[in-house]
Amino acid sequence: MATDGFDDTELLSGWGRTAPSAASVVHNRASDRAGLARVLEHLPPRGAIARGLGRSYGDSAQNGGGVAISLDDFGEAPGITINAADSAVTASAGVSLDHVLNVIVPLGFFVPVSPGTRFVTLGGAIASDIHGKNHHVDGTFGNHVRAITLMLADGSVVEVSRSADPDVFWATIGGMGLTGIILQATFTVLPIETSRCTVDTERAGDLDELLALMSAGDDAYRYSVAWIDLMARGSALGRSVLTRGDHARVDELAPKQAAFPLEYRAGQLVSVPPMIPPRGLLNHASVAAFNEFWFRTSPKRRIGHVVTIPKFFHPLDAIGHWNRLYGRRGFLQYQFVVPFGEEAALRHVVERLADSGTTSFLAVLKRFGAANPAPLSFPKPGWTLALDIPGAANGLVGLLTELDNVVLGAGGRHYLAKDSATTPAAIRRGYPRLAEWQAVRDRVDPQHRWASDQSRRLHLMERNEIS
Amino acid sequence: MKNALGEAQTIVLLGGSSEIGRAVVDALVSPATTTVVLAARRPEAVDATGLVRDGLIVDIVAFDATESTAHQAFIDDLAARHGDLDVVIVAFGQLGDQRKLDDDAGAAAAIVNVNFTGAVSTSVAVATQFRRQGHGQLVILSSVAGERVRKANFVYGSSKAGLDGFAQGLGDSLAGTGASVLIVRPGFVHSAMTKGMKPAPFATSPEAVAAATVNALRAGTRIVWVPGVLRVVFSVFRHLPAPLWRRLKV
Chain H
1423 MATDGFDDTE LLSGWGRTAP SAASVVHNRA SDRAGLARVL EHLPPRGAIA RGLGRSYGDS
1483 AQNGGGVAIS LDDFGEAPGI TINAADSAVT ASAGVSLDHV LNVIVPLGFF VPVSPGTRFV
1543 TLGGAIASDI HGKNHHVDGT FGNHVRAITL MLADGSVVEV SRSADPDVFW ATIGGMGLTG
1603 IILQATFTVL PIETSRCTVD TERAGDLDEL LALMSAGDDA YRYSVAWIDL MARGSALGRS
1663 VLTRGDHARV DELAPKQAAF PLEYRAGQLV SVPPMIPPRG LLNHASVAAF NEFWFRTSPK
1723 RRIGHVVTIP KFFHPLDAIG HWNRLYGRRG FLQYQFVVPF GEEAALRHVV ERLADSGTTS
1783 FLAVLKRFGA ANPAPLSFPK PGWTLALDIP GAANGLVGLL TELDNVVLGA GGRHYLAKDS
1843 ATTPAAIRRG YPRLAEWQAV RDRVDPQHRW ASDQSRRLHL MERNEIS
Chain P
99 MKNALGEAQT IVLLGGSSEI GRAVVDALVS PATTTVVLAA RRPEAVDATG LVRDGLIVDI
159 VAFDATESTA HQAFIDDLAA RHGDLDVVIV AFGQLGDQRK LDDDAGAAAA IVNVNFTGAV
219 STSVAVATQF RRQGHGQLVI LSSVAGERVR KANFVYGSSK AGLDGFAQGL GDSLAGTGAS
279 VLIVRPGFVH SAMTKGMKPA PFATSPEAVA AATVNALRAG TRIVWVPGVL RVVFSVFRHL
339 PAPLWRRLKV
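Protein sequence lines correspond, in order, to chains H and P.
Each residue of the first sequence is one higher than the one before, counting from 1423 in our numbering.
Each residue of the second sequence is one higher than the one before, counting from 99 in our numbering.
Just chain P, same shape as in the assembly (with noise of 0.2 Å):
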């Protein structure tokens, strides 16, 4: 149970090796906090050291984002060995090379099923086990890629943009309840996931986006971008008629 500062007793990241998840769980950890649950689908490679304090229980467990089938089986489980869940962070995701995928069926789907479907399970699994607690926080990092689907990345935009509109139902649907959703659009941020390519405008860094989500939920919003500014760039972006957005190069 998160306590009257809004600190979480309990952590669960769900993609143990993302950047961005991992830089949000360093940000939430507070001297409130009991147990932190990094799931990766290679939990040897997951580092949890920087957690590491007298009193704080690191688990890290195996999870397949693609195995939609087990996720309820996953989070009762969670919940069972460590008791109410107070924060969840679905942060696993894939870029995919959108080159590549241009040609490949089997991958572009795939990309979908991890990005899209693997985190409407999951998402699903948890809030049914917020409603039985009668609170919890679901954060879904969403990408301003959803927002406007570009080209460059149809795939995996796409995939964002399906995430997103789940995410806004689904936080709806669970009003009153005790639990919510919070979106996390972040902007490029500079990270493994994105090593080597060209920084877009207005480029973050994992740390800013953690700094940005751990408000967001301090303050009960339902949506934060990441820098804040990206919000109104992509309501201009989002009304550009179609011929033109096809040329910029964003």
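Just chain H, with the same shape it has in the complex (with noise of 0.2 Å):
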């Protein structure tokens, strides 16, 4: 209906199930370029964005009235190409990094850079410019791509790199798929032993406690990441349970796992079926109690103990569709870095958010490193809190906008692919360098055919706007 020419339109809302539009859905595989081609020939006006599988959480891959090119790759046995000498792999940026990892770990590799989830798409993962538990050290996903194929506007293919368009290079890097249509890409991986990891895991009474482990300790480790209470008060604000590790080494591995210290089996235990009550079934104080039951549970210190990739890296991958346990009314997330130096926002934050009453399952809290070239990127060296809320939560948009004013006035921003409730002007004064990115951006798409419901929302393509 919203488009001639095309199949009929599709609601899509992302990962947080909030604020759906309808968009004509074309599938295409990355490898049919003409077919691709083709599409973009025929753009209605309100254009085109590129979809994988619909993970972030906000409105980054939905294009109300317009299409949606969704890059069928996941399901087939994956383009995957591997220079095991040079550690380096290509892939079609439809594949996902489950598929990825299914292919490379039992060859003795792993991505660079791990989400908390391994079902988003190689393309998605770029346009994002993921990070994981270790970007204190290795930085973004980012950082590890070699080469980017793009489709542009014109339906013209090109190949960009740290030397061929840079400039595109970096700004196809974090953003957000308005660049045009990744098709494919070439990685580093890392070489690793075995599929397991060795974590050490530490319990934090308080937020102080958490900031101070975590910053004198973090650089012993490939891996951190500290999970936050956030419906804890007084004197247990802030109390956490600290996770960090590396890839074991065979050495490290019992004798029964050492026989195979490759295998790597990834499953899901459960899915939520699409039947749930609409308010959902994380409300108070089922969450109250989970939060209090793994705090409880949690070991006080260990050391040293094996686990899993999935385990390690995925727990949450474990539950197919959590996303439904929100009920109708979905959830959003909510991620912001602040600079260190900046830690009494940080702590004002959590106190917010711990007195406000507002039901969070826990919170990820996380130390990032250098940032990167790309202008959208996320990541600048600070404490980066990723939290969930439900969407039907009352006084959130008085809330957010106080924990927004904070954020920004501490010389913090908030992360793209989590966004769903921004304003323009926020994004403005988080992302100095937006004019910069515009710029390359208008280059490739002079006649803004590139567009998402995201976009729309936080004016990315206007420039010259005053915040």
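No lab work stands behind these hints, which were simulated from the structure alone.
Any given hint might turn out to be false.
Claimed, not checked - Here are the computed distance ranges between Cβ atoms for each label pair: (1) H:His1743 - P:Asp270: 25 to 31 Å; (2) P:Pro299 - H:Asn1705: 34 to 40 Å; (3) H:Ala1711 - P:Ala290: 47 to 53 Å; (4) P:Asp270 - H:Pro1613: 57 to 63 Å; (5) H:Val1579 - P:Ala178: 30 to 36 Å; (6) H:Pro1588 - P:Glu305: 54 to 60 Å; (7) H:Ala1711 - P:Gly294: 52 to 58 Å; (8) P:Ala178 - H:Arg1568: 39 to 45 Å; (9) P:Pro141 - H:Pro1868: 35 to 41 Å.
No residue lacks a Cβ here, since even glycine has one placed at the ideal position from N, Cα and C.
Bring the two chains, given one by one in their own frames, into a single complex with the hints.
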């Protein structure tokens, strides 16, 4: 209905299941470049955006009244080429990290950066410039990308890298799909001896203790992340469990495991059915009880525990469709970074969330390392906090506006892949290099044919806008 | 585009002088709102004080509900100037004095022309724009008066009955397009339109109607009664035998 010459429309929303809109969804293989070019020739006025597995929380991969292009490579035998001598992998952008891991782990490699879920596509990982528990050591996914094959708005295909049109390369990393369709990418992988990780777990009784532990010890670990109970208040404010680790060496495995050091099986334990009460199952009482249980049952201190990759990196992937637990009104994720030295702002946010009585499942705190050259890349040196909030929570509008001001006032910013409620002004304050990105973007898409609900909501294409 | 919290960026009020409509706008405006359009027959009479805020565009425009053939162009122009329309509120309407309408064919038709015909053409225009953008929430101010039409205001009541039926059908037709229709059925509302009239039982205020409307928009419900008890009251009224209904002083 919305567009001529395209299939029926579909309602699309992000992982948070909020603010859906209808778009014509075109399924196309990344390898079928002629097919993709034909789609671009007949784009409706509202343009197109590439969509992967829909794991962005908000509206980054939806395009109301326009076209969403889904690179249908996930179900296929993935087109993955491995150059073992060079630790490089080339794959189609529609391939999921789940597929990549299934292929490369048994061969002794790991993705350079893994987010909290392996169900993201390679294209999405680059467009969101995702980070993981190793950011303080290894940076973002984009730091490890060597080359990107990109289809531009006019249907032409270019290969960009640090040496070939680096401006477009870095504008595409973290560029939310608004520079073109990422068709294929080559990235560096990490050699591993085993498919397991050694993990040290420590409990911190409050926020100060946690920050001290992380500041002092993080650099000794490749991976580090803390889970905070944001519903704990008073002297328990910021109580948390810190898990840090690295890939296990063969000599660290039990003999039985060492016989098959690279054995890798990533599965799902259960899946949440579509029929959930409209108000969801995650209410204040159930989440508070879960957080309490989780804190009490976590070890006070455990060193060198050996666990599998899925257990360490992707615990939530064990529960399919867990986003349904929030019910019909969905949820949003709030993630921001504040620079080191702004611990007071971080503490203020944690206090306000705890005092507000907002229902929040475990929040994640992590230390970021250096930023990369991409103008819209989110991570920069500092503390990043990510939390889920039910969309139906009361008083959320006022609370988030207040938190936005604290974050921006401290020189922080919000993560576009998680964003679903910030404003054009907030993004302009947080991303001072937006105009630089727009200039590069406009060079490769002068007619603004790439668009998403998010780009419209945040006025990402509108230059010279005074915030 | 509304955000994950259901906050609208662009809000359009058709019937910019309507007290209820304006109360809904005031309740909807949030830090995420960038544009408010107040469309009224006499734009010079629209009072936008209270909406003024740094960075918020308030656009007051002339709009005639009876110019049905101009409605699509009017909505298209709003979209061209302000981008996607997130929430559009159809709040214009006239009550009329039923005693005078009893023997004034032209005046009776004029009320229906505003309340029903004008609302239909505007809503169709808005729905067309919503389908183009793949999302949007249309709020239609119906009335309990349309649920069972009574002799005291049967021209007004029948126009609202027609509008309510239209709105239900329009809402159904938009399923799957990302657009939706919210039907608001208030009872007696203390406002300029009802000034001097004897309040009916369960009388309410524009602010209460606004609060219920905003909640319903966030929750995605299709029909909201204000106050909620009127849903029960009118389900009884609807089934009363005609001779009894006629005698009832409601």
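Okay, the hints, checked on the actual structure:
1. H:His1743 - P:Asp270: 25 to 31 Å: holds, 28 Å
2. P:Pro299 - H:Asn1705: 34 to 40 Å: holds, 36 Å
3. H:Ala1711 - P:Ala290: 47 to 53 Å: Holds, since alanine 1711 of chain H and alanine 290 of chain P (Cβ atoms, about 52 Å apart) stay within the stated range.
4. P:Asp270 - H:Pro1613: 57 to 63 Å: holds, 59 Å
5. H:Val1579 - P:Ala178: 30 to 36 Å: The hinted range 30 to 36 Å holds for valine 1579 of chain H and alanine 178 of chain P, with Cβ atoms some 34 Å apart.
6. H:Pro1588 - P:Glu305: 54 to 60 Å: Once the Cβ atoms are compared, 57 Å apart, the range 54 to 60 Å for glutamate 305 of chain P and proline 1588 of chain H holds.
7. H:Ala1711 - P:Gly294: 52 to 58 Å: At roughly 56 Å between Cβ atoms, glycine 294 of chain P and alanine 1711 of chain H fall inside 52 to 58 Å, so the hint holds.
8. P:Ala178 - H:Arg1568: 39 to 45 Å: Between alanine 178 of chain P and arginine 1568 of chain H, where Cβ atoms are some 44 Å apart, the hint holds.
9. P:Pro141 - H:Pro1868: 35 to 41 Å: holds, 38 Å
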